[in-house]
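Starting from the known structure of chain L, fit chain H onto it as the hints suggest.
Chain by chain, the residues run as shown.
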Amino acid sequence: MKEKRIALVGNPNVGKSTLFNLLTGLRQKVGNYPGMTVEKKTGSFVYGNTKFNLIDLPGTYGIYPTSLDEQVVTDILNDPTHPNHPELAVVIGEPTNLKRSVFLFQQVRDLGIPALFVVNMMDEAEKSGIEFHKEKLNEKLETHVIFTDARNGKGIEELKNKLNSEPEFSEVNYRIPKEFVLAVAETRKLNSSLNDYQAWQYLAQNKIKNLSAEEEIYLNKIKSDNKIISRRLQVKETVNRYETINEMLENVLTRKERKSVSLTERIDQILIHPVLGYLIFFGLLLLIFQAVFAWSGPFMDFIDEGFTWLSGSVGSFLPEGPVNSLITDGIIAGIGGIVIFIPQIVILFLFISIMEESGYMSRVVYLMDRWLKPFGLSGKSAVPLMSGAACAIPAVMSARNIENDKERLITILVTPFMTCSARLPIYVVIIGLIIPEQTFYGFNLQGVALLVMYMLGILGVLGSAWILKKVIKSNFKSYLILELPTYKLPVWRNVLLTVWEKSSGFIFGAGKIILAISIILWVLGSFGMNEDFKNAEQIVSIQNPGLKGQELENEIASYKLEHSILGNMGQVIEPVIKPLGYDWKMGIGLISSFAAREVFVGTMATVYSLGDTEDELTIRGRMAKEINQATAKPAYNFASGVSLLLFYAFAMQCMSTIAVVRKETDSWKWTVIQLIFMTGLAYIAALIAYQILK
Amino acid sequence: MNEPTALYTLKIGQSGRISGFASEEVPVKLYELGLIPGSFVTLRKKLPFGGPVCIQILETHNLIALRKSEARSILIERFL
Chain L
8 MKEKRIALVG NPNVGKSTLF NLLTGLRQKV GNYPGMTVEK KTGSFVYGNT KFNLIDLPGT
68 YGIYPTSLDE QVVTDILNDP THPNHPELAV VIGEPTNLKR SVFLFQQVRD LGIPALFVVN
128 MMDEAEKSGI EFHKEKLNEK LETHVIFTDA RNGKGIEELK NKLNSEPEFS EVNYRIPKEF
188 VLAVAETRKL NSSLNDYQAW QYLAQNKIKN LSAEEEIYLN KIKSDNKIIS RRLQVKETVN
248 RYETINEMLE NVLTRKERKS VSLTERIDQI LIHPVLGYLI FFGLLLLIFQ AVFAWSGPFM
308 DFIDEGFTWL SGSVGSFLPE GPVNSLITDG IIAGIGGIVI FIPQIVILFL FISIMEESGY
368 MSRVVYLMDR WLKPFGLSGK SAVPLMSGAA CAIPAVMSAR NIENDKERLI TILVTPFMTC
428 SARLPIYVVI IGLIIPEQTF YGFNLQGVAL LVMYMLGILG VLGSAWILKK VIKSNFKSYL
488 ILELPTYKLP VWRNVLLTVW EKSSGFIFGA GKIILAISII LWVLGSFGMN EDFKNAEQIV
548 SIQNPGLKGQ ELENEIASYK LEHSILGNMG QVIEPVIKPL GYDWKMGIGL ISSFAAREVF
608 VGTMATVYSL GDTEDELTIR GRMAKEINQA TAKPAYNFAS GVSLLLFYAF AMQCMSTIAV
668 VRKETDSWKW TVIQLIFMTG LAYIAALIAY QILK
Chain H
42 MNEPTALYTL KIGQSGRISG FASEEVPVKL YELGLIPGSF VTLRKKLPFG GPVCIQILET
102 HNLIALRKSE ARSILIERFL
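Residue numbers (this note's numbering), protein chains in the order written: chain L, 8 to 701; chain H, 42 to 121.
Rather than coming from a laboratory, the hints here were simulated on the basis of the structure.
Incorrect hints may have been included.
With beta-carbon atoms standing in for the labels, derived distance ranges [to be verified]:
id, chain 1, residue 1, chain 2, residue 2, range
1, H, Lys52, L, Leu458, 37 to 43 Å
2, L, Asn198, H, Ala63, 36 to 42 Å
3, H, Leu99, L, Lys143, 42 to 48 Å
4, L, Leu466, H, Glu44, 24 to 30 Å
5, L, Ile699, H, Ala63, 50 to 56 Å
6, H, Ser56, L, Lys141, 53 to 59 Å
20 Å max Cα-Cα, derived SDA-like pairs, lysine to any residue [what the hints assert, rightly or not]:
id, chain 1, residue 1, chain 2, residue 2
7, H, Lys87, L, Val268
8, L, Lys134, L, Lys161
9, L, Lys484, H, Lys109
Since the model is a prediction, treat every value here as computed from it, not as a measurement.
Glycine residues also receive a C-beta, built at the ideal position from the N, C-alpha and C atoms.
Excised from the complex, chain L in its bound form (with noise of 0.2 Å):
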């Protein structure tokens, strides 16, 4: 069968994804561009008798890129020889800004790519009373205009019967000028095959990839020798083509008079009004998270009963052994400490992609710039910051989309302190043991706490922002400039495709990682090295002659741990820790907690010799009464809880992450220094809140 490469373009905000999933329907992939994080979405279909490999380019509005996002389009576009450059471009626009998309259609034609033209969204063409002249526009664009709505589907089969053309186009619209005719000709030695704008190109663009050393003291030499400096070519080339573009589109479309004030132009009254658009937008976040908390319990309390049934009838069925512990102990419960954050995550990716596709999150970005840019953030790190609540790894994903490099390597490194919802059951469990169950006031104290709890982690985010905007230098200035789309209903499609892409990223991606760490966790805490460990039963047997049947083998395994690699380990560091008032037990719930916090509260269970590690009440039960050896006081008094909290608080457990930025940022230098900053902040908090407390 034949094949095709073909690749969307298309200005933010014109339904580019949804014309893709229509298109592509499930068969589409997410992975990453080489060397990139940003997202590739790829996907196929075959009509006809040709197979179409179709990428969906991320949203951009000229070819001059300024975030890693349009840089993509720029390397993709621009260089014939890189595997997805597409033998087919289809430019999407939309009606109510036909002008914008019309100019991305003539860059990326002329740069040699056969492109169709696709006006999407022609539902608001009626609405506002837009007509156009199809054949005076097929006319004009030299292409074949395709008029399209996505959301219903109108348009879809014209346009999958034009894939198969090529349509042809007679010469590089844009007209170099004069000025630097003699520069472009100059460049075109470079390559024979390149034309006139492709060369351009090489004079325009701020940085030219692939060249060889000779190529780039050519090119240096023609751009100081005709005085060139790439921006002003990219201004001249973009004012001349909205001249010429203006010209050109004066008979394609005729206007009706609006007739009345719009329905998004009446919603923003409210929604970015400046007051009520703040007041609704926190109700909207206050909403959210008493979701993402309420209603995935229920969820969650059914994965958790379904993994220790699983465990429990996995462990009958297999021999006894180690085996069957690696499986239920190790594997299982590894897998069932990832599984069960998935209602959580699926909820609030589940408003957060509402509220993009709605169009409400640009609003969100508005609102919140004002607040977000003192701390050295963009409006657009509201999103990762929001997300950061049920998992920093997608979070730190999705600042791809800030421009400015300052700016986006901030939002990255602060992202971690947000309250993820892997600390939640650490925190729950904590607070559970050293805050009363009172209401003061009429507000539950343990409740209160918990919010506290969530501050510090906002404090946290803008106070280490506000630190790192004054070290950071960036070659950049920041702005703003974003553009505010109508207000539309969700493709209810695009929302859960966005949601199952998010859920699936973070449990493959984050799953394998936890639990590799379980199971090295498993066999740390299962084997040791020295003879207490290996006589483990006879000692405990010994020591406690009354002890029977089940308390007997949990008062092994205990000693067993401590005895382990793991326990050794958790010993080494007691010194480190005694001083945030913690025992070696709590040093191997730390330890065991740099792969991932949720270990904590299973690992704090298996040291303290409970079979059943998934029942929270009763591992609380059995914390409350252990004694710190040292102190002779409850292990977790309130001094000790606290500086645990702040230490959760704050430092950086979390390889997924660590991994996550490493790639996202693309350098060791500020992983590093995010992992000492985060864990040293904690260590001081945990160390001055304790020795103040005790």
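Same frame as chain L, but now just chain H:
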């Protein structure tokens, strides 16, 4: 016709034509969005405490949000 003023100083609902930019370092993205000399724009929204503004280009629907600093660098000729 008046002396050019910064877009930021317009009142909500006031319009004018872009006459130029106060700085050379204006992001290319502004141009790409169609905010080029000659375009007619209207100031639609403003957030308090020096927050961003929303402007609208003539004959388009979507608002464009700009920070105060960008809105200051765009120069406008107003018509009385």
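These are the hints, each one checked on the structure:
1. Lys52/H x Leu458/L: 37 to 43 Å: 41 Å Cβ-Cβ, so the 37 to 43 Å window holds.
2. Asn198/L x Ala63/H: 36 to 42 Å: holds (40 Å)
3. Leu99/H x Lys143/L: 42 to 48 Å: Taking Cβ atoms as reference, Leu99/H and Lys143/L lie about 22 Å apart, which means the hint is violated.
4. Leu466/L x Glu44/H: 24 to 30 Å: violated (47 Å)
5. Ile699/L x Ala63/H: 50 to 56 Å: The hinted range 50 to 56 Å holds for Ile699/L and Ala63/H, with Cβ atoms some 53 Å apart.
6. Ser56/H x Lys141/L: 53 to 59 Å: At 32 Å between Cβs, range violated.
7. Lys87/H x Val268/L: Holds: Lys87/H and Val268/L sit about 19 Å apart, inside 20 Å.
8. Lys134/L x Lys161/L: holds (16 Å)
9. Lys484/L x Lys109/H: Holds, at roughly 13 Å.
Comparing the model with each numbered hint stated earlier shows that hints 3, 4 and 6 do not hold.
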